[in-house]
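Asks: The task is simple: from the sequences and hints, build the whole structure.
Now for the letters of each chain:
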Amino acid sequence: MKCEWVRENVLLYVYNELPDDARYELEQHVARCGDCAAELKTTREFHAVLSELPVEEPSPNLVAASRMRLQEGLETAQQGRFWHRLIFDPGAWLRQIRFAPALAAAIFIVGFAGGIGTAYKVFGGSGGFVSSATGPASAPAESSITGIQSITQDPGSNHINIKYDTVSTQEAQGSLNDQRIQQLLLFAARNNYNSGVRMDSVDLLTQEPNNIHVREALVYALRYDSNPGVRLKALDGLGAYVKNDPRVRDALLEALVQDSNPGVRTEALRLLEPVGADSSVRSVLRKLAESDQNQYIRSQARTMLAQLPEFD
Amino acid sequence: MPAEAWVVPFAVGESSHPVVRRDPREEAGGIQDPQLRGHMAGQASGRIDDTLLVREAQRGNRAAFEELVRNYDQAVLRLALHLTGSEPEAQDVYQEAFLKAYKSIGNFRFECSFYTWIYRIVTNLCLDHLRKRQVRKEDAPVATDASGEQYDVLDQVPDGRSGANPERDLMRRELGKRIGRALEKLTPRERMVFELKHYHGLKLRTVGEVLNTTEETAKNTLFRATQKLRGALADMR
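Protein chains in written order, with the working numbering: chain B, -3 to 308; chain U, 618 to 854.
Don't take each hint at face value.
Unchecked claim - Lysine-lysine pairs mimicking DSS-like chemistry, simulated, CA-CA at most 27 Å apart:
1) U/K845 - B/K37
2) U/K836 - B/K37
3) U/K802 - B/K37
4) B/K283 - B/K239
5) U/K794 - U/K845
6) B/K(-2) - U/K845
7) B/K(-2) - U/K794
8) U/K717 - B/K37
Keep in mind the hints are simulated off the structure, nothing from the lab.
Replies: And the structure:
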């Protein structure tokens, strides 16, 4: 046991990292134990061998050159000032705050006031903030909608809840069949700045692709939405109509050729497989098989072409 | 930790290498060699005023920051030079480290010593360097000088011990090369711990502080590194 302990600590002994009592204990043991004495000798020798690689002192020239270069660098460097720190390191800024209790009180008051305000909105009912679409309520004029805040669907039901802004935030509830809900979804799919909301609306709209307006909105999303996730969702909704609707097919071909996202292109390619025999699809496939930059698309296009019956 | 606590010189262990110029803070631990004492005097002066200098630098006083640089820059260069084996690369580490320190000195909260803080910046930059080097698997210890010429680092080292004995000099160089190669095989973190402990003489507690880890972890890493080196240099003992 003692020998084991010595072997574990001999390196620390050589590096002068053992406390005095352990050091004394080790020395006492080594004086009596030949094996451990040999281990200490080996460790010391190895220590000496490693020290054969010298540590250079930087030459005065190197020090001087480094200092000069640093001075030049400091001329242009900007120290992080208060505003910079406030913006980029709010954590450090907050840690410094010495008036934490006052801040906590202020946050509490603001939170309390906010809570009262919200309760007033919900229960005080200044009228039309929350309106229901279950009745034949008048649809909001599209021009008056400034943005859609959120879209949620109650799980397992057809009930959809949309929060949208006109001059102030309003809320509409109803099923997917409601005209107002559909109108808001169509608006959200095209106009919203928040891609999460666009995604939700496109997702819901894919449940109603028979509606010509809905299909148009999906084609629009596929062509113009900046978010690849939204475009993929729109693709999924349109997939079933690729056989019967030439406009859908064209949109898919356009996505296949021009979309910047390889995932969208691959999905478009997959959805176009059932209509591979179509002349427009076939010519696009040939082009892709020949010269597309994406290797996967190239090889998939070749495979699809090989599986198609020859007409020529 | 109280703000001024770090001004008290903390223990920095003894370096294993006789040529190494130790950190001036070692003076507190009592250095016996008068020659080494003389070496240290250069960068030791004014270090006691670090707190004031840091405060001044935080207020935007560039002269104070430059004073801090002069206090620590030789130690920084020595570490970077030994780790990178290249003067231009050591200069890059130096430049980047002090510019980073200058830009973020406003965030320095005196939770550790300025020495630990600047070493932390330098070791992080060196670790990045070592990781990149591991990918490149460069041959050690060939280095490049400021004009881009390659040379053997060990050829540049004046050897006070071998005197006029060319045979011994050659053997020593060969040995140095082999050690260099063995060190290259360590992981960047093992290399850093070993470097700070063996070649720069830092206490394991300080190594842990610098590398943002515990003394125990630093100790285990040192064990691992030593085991690997013993394996790689088995025939040299």
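Asks: Take the hints in turn and mark each one as holding or not.
Replies: Hint by hint, here is what the structure shows:
no., hint, in the structure
1, U/K845 - B/K37, "holds (18 Å)"
2, U/K836 - B/K37, "holds (21 Å)"
3, U/K802 - B/K37, "holds (25 Å)"
4, B/K283 - B/K239, "holds (21 Å)"
5, U/K794 - U/K845, "holds (16 Å)"
6, B/K(-2) - U/K845, "holds (25 Å)"
7, B/K(-2) - U/K794, "violated (37 Å)"
8, U/K717 - B/K37, "violated (44 Å)"
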